[in-house]
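Fit chains W and A to the given chain V structure using the hints.
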Amino acid sequence: MFDTLTPAEIEALRLSLKVAAVSVLASLPLGFGLAWLLARFDFPGKALLDAFIHLPLVLPPVVIGYFLLVLFGRRGPIGAWLEHAFGLVFAFRWTGAALACALMGLPLMVRAIRQSLEAIDRRLESAAATLGAGRWAVLASITIPLSLPGILTGMLLSFARSLGEFGATITFVSNIPGETQTLPLAIYSFTQVPGGDAQAMRLCLLSVILSLAALVLSEVLVRRANRRIVGDAH
Amino acid sequence: MRIEIGLEKKLGAFTLKAAFSGEAAITALFGRSGCGKSSILNLVAGLLRPERGRIAIGDRVLFDSASGIDVPAEKRRIGYVFQDGLLLPHLSVRQNLLYGRFFTQPAERWADVGRIVALLDLAPLLERRPHRLSGGEKQRVAIGRALLASPRLLLMDEPLASLDASRRGEILFYIERLRDEVGVPILYVSHEIEEVVRLAGHLVLLSDGAVAASGPLHELMSRIELRHLIGRHEGGAVIEAKVLAQDLGNGLARLAFSGGELLVPDVDALIGETLRVRVRARDVSIALSEPRDVSLLNCFRCRIAEIGAEPGASVDVRLDIAGTPLLARITRHSAERLRLAPGKEVWAMVKAVSLDRHSVGYT
Amino acid sequence: MRSALFAFALALFVPCSHAQLVFAAASLKNALDDVAALSPAKPTISYGASSALARQIENGAPAQLFISADLDWMDYLEQRKLLRAGTRRWLLGNKLVLIAPAGSAVKVEIGPGFPLAKLLGDGRLATADPNSVPAGKYTRSALEKFGVWGSVAGRLAPTENVRAALLLVARGEAPLGTVYTTDAAVEPKVRIVAVFPDGSHPAIVYPAALTAAAPASGPAADFFAFLASPAARKVFGKYGFAPLH
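Protein sequence lines correspond, in order, to chains V, W and A. Taking my numbering, the leading residue of the first sequence gets 1, the next gets one more, and so forth. Taking my numbering, the leading residue of the second sequence gets 235, the next gets one more, and so forth. Taking my numbering, the leading residue of the third sequence gets 598, the next gets one more, and so forth.
Chain V with its partners taken away, still in its complex shape (with noise of 0.2 Å):
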């Protein structure tokens, strides 16, 4: 059961882990301008917005999964143009293991990020503002810096909520070794083989070593993060 891993497996890890790293990068824009919309502004249709964004976290991952097929896939509206417009396809690759990905650790990313902004003195944005700072440099120099841990919660909660998301996967790319066949997508495979129990077992033990790493890695970032916000010592 310990010996080395065999190439599927490998690949399988290799995938998991590139498309959770891509979901959470690519999605970190537009779910800390998210959570900057949701924490700074009031305007009519708020509610509805906030709503939307944890809609992944409420609905069926297969019918994620069926939305981002109807959207998404080569002959869907947006899937369609952005092949047309940028020759990026989502459909059965490993980018639209990614999307799927993004968008159901979406809302988590931007409920923590959100957090750590409310938590904002908004005044030092102001002293900043009266030292000559602009709207850009506020946020580069001030907003940034402060809400690190939650940014960085933000990014480990989605990563792992990657590293574990089947079902809207297996619903829009499909279940292809090399290329959709992350981890979650491995296990179930072998489980529905009979005599795969044992590789399966071993990829979700994998499975969870990755998902401590991650958890221990944020746990150490956050610290180092709010120390050097708040000051040690404490």
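Worth double-checking, as some hints may not be accurate.
[Said to hold, decoys possible] Here are some chain W residues the structure puts well away from chain V; computed CB gaps all over 12 Å: (1) Asn276; (2) Asp298; (3) Ala300; (4) Glu342; (5) Arg349; (6) Leu360; (7) Ser400; (8) Glu404; (9) His462; (10) Glu468; (11) Arg488.
[To be verified] No farther apart than 20 Å at their CA atoms in a straight line, the calculated lysine to any residue pairs in the SDA-like style are these: (12) V:Lys46 x V:Glu118; (13) A:Lys786 x V:Glu118; (14) A:Lys786 x V:Arg75; (15) A:Lys704 x A:Val745; (16) W:Lys243 x W:Ala444; (17) W:Lys309 x V:Arg135; (18) A:Lys678 x V:Val193; (19) A:Lys742 x A:Ser797; (20) W:Lys309 x V:Gly134.
These are calculated hints, taken from the structure and not from any lab test. Backbone N, C-alpha and C define an ideal beta-carbon position, used for all residues, glycine too.
Frame of chain V; chains W and A shown alone:
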């Protein structure tokens, strides 16, 4: 540099409608809590937008509702020292200090880092983080940070309010130094008359969102009808006097002003220095004849210029000592008994002891 | 109000009777729902890939009747003594077809070396997972038989069950797919391009059996019997299933 300010803005319960101008090194905005003083600073800084008005610093117009000028806060070059410092918690003191400087064009940087750090004794604090600073240290860093952005005007919002008594004197000293050695005009908000008397050249009295009076400090301090705004307890004329001699044996200093000489205990100043002495009205007594064999050291022959008209047990009397005004607060009963009236010649007496360190300011 | 809430909470804890929980292959959905509507017993039917369902039964799912889309998974349960002895029988047959989106004009004859890869272009062949789902396994057999498996093995879009493959073709995301003829019949957005000849893959048989957990007589057995009735056969036949004995 001349500051011209006219502002109108609805703030919750009341409307702020203030207009004043001045040219002094420090212009103080004085009034009770809630009268709109801090809001005026926020409007001048560009953190709030007035509904109507005009803000001009020197020859630069920062806001003019009539012509649609509204320079954004980050371009106004106005430094702001907040009541609780507002140091950036994720940066060191050094980084805080240099923060504003980073956004200043090299051509506009008149503030010299070494000089400001020395002026405010910030050298030992440079590598520390804000949460490790005491209240007084935080304020000094806040002042330094605002100065190092090379502002054209410095706003200070009750900078001493969050400090304890011993610290206040220390920071007051630094602000006086700042006023005297760095050329930036300062708009200073406070509700403590002692600070205002020590620092301000021009005083703006605010009441319920409107300017009740605006003018040179001495003049406003000696106007009877403004006493209720300044505070019955602490109000009194401010006299500028020069140190003539120091009697070290007795701990007294002899100060000369246009109306004569003042003897003041425990004055830490050199001969030739000019000081401001606030003589609280409640510490001034009036006699019809020159007092003899009394402990009072400061007696002045003067003329009654005006007697206040408000009802109550006490009454304000404005005296004129050869051109220098002095306010006295005595009982109405005594004023009637002594038959005091404008024009009458009387003697004013001030206990030297009442001129304590809270009364003396260094210019 | 509070008593209503309490009663509700209590009801959640009352054990549900699974007297009539039926597990059936996904491709049976439309037909079996109609049959169930006709039967006196009203069973609860859970559809999915036969592989998934068999695994669930193995892990203790309280199904009483299992209708699989291939023999392998029924054998799997029989080997593990999870079926009620003597109840297993062949229920229905089906055909495997090659489908395309309704608007596609593609034409092909299925024969040795037929140009499947070329027809796919840069798209993928939507099919249920060939490793585990019956429809996928039949597809692999057939394509191997005609010698084209190697050319398309890397060009598949393996789905969780046969209906998901149907969806991909219906949405036009896959230019071609393989499903059962009964699936193609219920989806107007696809058209059948060709039928895989019977000999090219193991016979598509839907075996059915009572599980070991089911009593020999009772609602489950009744429903099982009803499946062989003329009324039920008529419904199955309407959908394209071939009756077997």
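Here's how the hints hold up against the structure:
1. Distance to chain V contradicts Asn276 of chain W as a non-interface residue, since its nearest Cβ pair spans about 8 Å, not more than 12 Å.
2. Interface exclusion of Asp298 of chain W from chain V stands, the closest Cβ pair being 20 Å apart, more than 12 Å.
3. Ala300 of chain W, annotated as away from the interface, keeps every beta carbon of chain V farther than 12 Å; the closest lies near 25 Å.
4. With a least CB separation of 10 Å from chain V, Glu342 of chain W falls inside the 12 Å interface cut-off, contrary to its annotation.
5. Non-interface call for Arg349 of chain W relative to chain V: holds, since the shortest CB-CB distance, roughly 19 Å, exceeds 12 Å.
6. In this structure Leu360 of chain W is separated from chain V by more than 12 Å, as the shortest Cβ-Cβ distance comes to about 16 Å.
7. For Ser400 of chain W, the non-interface assignment is confirmed: its Cβ lies about 25 Å from the closest Cβ of chain V, beyond the 12 Å cut-off.
8. Chain V leaves Glu404 of chain W outside its interface by the beta-carbon criterion, the shortest separation being 23 Å against a cut-off of 12 Å.
9. Its beta-carbon lying about 33 Å from the closest one in chain V, His462 of chain W satisfies the requirement of being farther than 12 Å from that chain.
10. Residue-level check passed: Glu468 of chain W sits 30 Å from the nearest beta carbon of chain V, beyond 12 Å.
11. Every C-beta of chain V lies more than 12 Å from that of Arg488 of chain W, the closest at about 45 Å, which supports listing it as non-interface.
12. Between Lys46 of chain V and Glu118 of chain V the CA atoms are separated by roughly 16 Å; this keeps the pair inside 20 Å, and the hint holds.
13. Between the alpha carbons of Lys786 of chain A and Glu118 of chain V the distance comes to roughly 49 Å, so the proposed pair goes past 20 Å and is violated.
14. For a cut-off of 20 Å, the pair hint linking Lys786 of chain A to Arg75 of chain V stands: about 14 Å separates their Cα positions.
15. For the proposed pair Lys704 of chain A and Val745 of chain A, the alpha carbon gap of about 17 Å is at most 20 Å, so the pair holds.
16. For the hint pairing Lys243 of chain W with Ala444 of chain W, the CA-to-CA distance comes to about 11 Å; that is within 20 Å, so the pair holds.
17. Simply put, Lys309 of chain W and Arg135 of chain V have alpha-carbon atoms about 11 Å apart, close enough for the 20 Å limit, and the pair holds.
18. The straight-line distance between the Cα atoms of Lys678 of chain A and Val193 of chain V is roughly 18 Å, inside the 20 Å bound, and the hint therefore holds.
19. Of the supplied pair hints, the one linking Lys742 of chain A and Ser797 of chain A holds, its CA atoms being roughly 6 Å apart against a limit of 20 Å.
20. For the suggested pair Lys309 of chain W and Gly134 of chain V, the alpha carbons sit about 8 Å apart, so the restraint of at most 20 Å is met.
In terms of the numbered hints stated before, the structure departs from hints 1, 4, 13, listed from lowest to highest.
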